[in-house]
Amino acid sequence: VLREHEIHLDEDQFKRLTEKLGFTKEELSYLDFVSLFEDPTGNGPGAALDTGSNHHVNDTKFHYMSAEDCLAQLRDKLQQGYGDLYSAFYKIDSNRDGLVTMHDFRHLLDSFMFIIKPQEFQRLLGLLGLNLSSTLNYKEFLHLFQKPQSPVYPPWLQSSH
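Quick note on the UniProt record's numbering: the sequence shown kicks off at 1 and runs consecutively.
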């Protein structure tokens with residue numbers, strides 16, 4: 001077993017290990033082997049398993065975001081999470097049909113840890129001019145989430161004179 005788990009011991013180390021575990025005989029029956037690992041209180045193998053709950057409640061406080069909060073953070077999160085809108089669109093489009101559904105969009109919000117109630121999600125869609133049955137192609141997605149570019153003017157047009 002030790003070799004299978006790539007634990008290599010020299011003879012002296014192996015002898016000390018077997019003595020610590022109580023393996024002093026050449027051969028050991030299965031029952032003798034199992035008895036070495038029994039709980040000293042008598043609750044060894046075959047004893048009833050602990051049936052207590054293994055579910056622990058996380059007491060971390062959280063708040064639901066408003067549609068406006070989501071909208072205010074969405075562009076930056078898209079940029080941070082995906083780098084560019086093309087990559088974001090491609091990864092959000094779950095079935096790769098060239099359309100982002102509102103289910104895909106909701107999944108995106110969840111991935112950004114935006115905790116939003118269903119009615120706020122619908123309000124967010126309304127703020128974007130969408131509804132639950134809407135789909136977005138890449139051009140529409142780009143139009144919605146691309147940061148407005150301020151026009152670049154040559155320096156001679158920016159003169160204050």
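Keep in mind the hints are simulated off the structure, nothing from the lab.
Each hint should be verified, as a subset may be incorrect.
Unchecked claim - Label pairs and their calculated CB-CB ranges: (1) T18 to M113: 19 to 29 Å; (2) K91 to Q13: 17 to 27 Å; (3) H63 to E19: 57 to 67 Å; (4) Q119 to E140: 19 to 29 Å; (5) L144 to Y64: 18 to 28 Å; (6) Q80 to R16: 16 to 26 Å; (7) Q13 to D84: 18 to 28 Å; (8) Y138 to I115: 21 to 31 Å; (9) G81 to E6: 33 to 43 Å; (10) Q122 to D84: 26 to 36 Å; (11) Y64 to S134: 55 to 65 Å; (12) D110 to E6: 40 to 50 Å; (13) G81 to F14: 48 to 58 Å.
To be verified - Straight-line C-alpha distance at most 20 Å; calculated SDA-like pairs for lysine to any residue: (14) K91 to Q79; (15) K139 to S66; (16) K91 to K20; (17) K147 to F112; (18) K77 to F112; (19) K139 to D84; (20) K117 to H103; (21) K147 to D69; (22) K91 to H63; (23) K147 to L132; (24) K77 to K20; (25) K147 to A88; (26) K20 to L9; (27) K139 to L128; (28) K147 to L71; (29) K77 to K147; (30) K139 to M113; (31) K117 to H63; (32) K117 to A67; (33) K91 to K117; (34) K77 to D110; (35) K147 to H63.
Glycine is no exception: its CB is placed at the ideal position from the N, C-alpha and C atoms.
So, going through the hints one by one against the coordinates:
| no. | hint | verdict |
| --- | --- | --- |
| 1 | T18 to M113: 19 to 29 Å | violated (51 Å) |
| 2 | K91 to Q13: 17 to 27 Å | violated (51 Å) |
| 3 | H63 to E19: 57 to 67 Å | holds (59 Å) |
| 4 | Q119 to E140: 19 to 29 Å | holds (24 Å) |
| 5 | L144 to Y64: 18 to 28 Å | holds (23 Å) |
| 6 | Q80 to R16: 16 to 26 Å | violated (54 Å) |
| 7 | Q13 to D84: 18 to 28 Å | violated (57 Å) |
| 8 | Y138 to I115: 21 to 31 Å | holds (28 Å) |
| 9 | G81 to E6: 33 to 43 Å | holds (39 Å) |
| 10 | Q122 to D84: 26 to 36 Å | holds (28 Å) |
| 11 | Y64 to S134: 55 to 65 Å | violated (22 Å) |
| 12 | D110 to E6: 40 to 50 Å | holds (41 Å) |
| 13 | G81 to F14: 48 to 58 Å | holds (52 Å) |
| 14 | K91 to Q79 | holds (13 Å) |
| 15 | K139 to S66 | violated (26 Å) |
| 16 | K91 to K20 | violated (55 Å) |
| 17 | K147 to F112 | holds (18 Å) |
| 18 | K77 to F112 | holds (7 Å) |
| 19 | K139 to D84 | holds (14 Å) |
| 20 | K117 to H103 | holds (14 Å) |
| 21 | K147 to D69 | holds (17 Å) |
| 22 | K91 to H63 | violated (27 Å) |
| 23 | K147 to L132 | violated (24 Å) |
| 24 | K77 to K20 | violated (56 Å) |
| 25 | K147 to A88 | holds (14 Å) |
| 26 | K20 to L9 | holds (14 Å) |
| 27 | K139 to L128 | holds (14 Å) |
| 28 | K147 to L71 | holds (12 Å) |
| 29 | K77 to K147 | holds (12 Å) |
| 30 | K139 to M113 | violated (26 Å) |
| 31 | K117 to H63 | holds (10 Å) |
| 32 | K117 to A67 | holds (9 Å) |
| 33 | K91 to K117 | violated (24 Å) |
| 34 | K77 to D110 | holds (12 Å) |
| 35 | K147 to H63 | violated (27 Å) |
The structure shown violates the earlier hints numbered 1, 2, 6, 7, 11, 15, 16, 22, 23, 24, 30, 33, 35.
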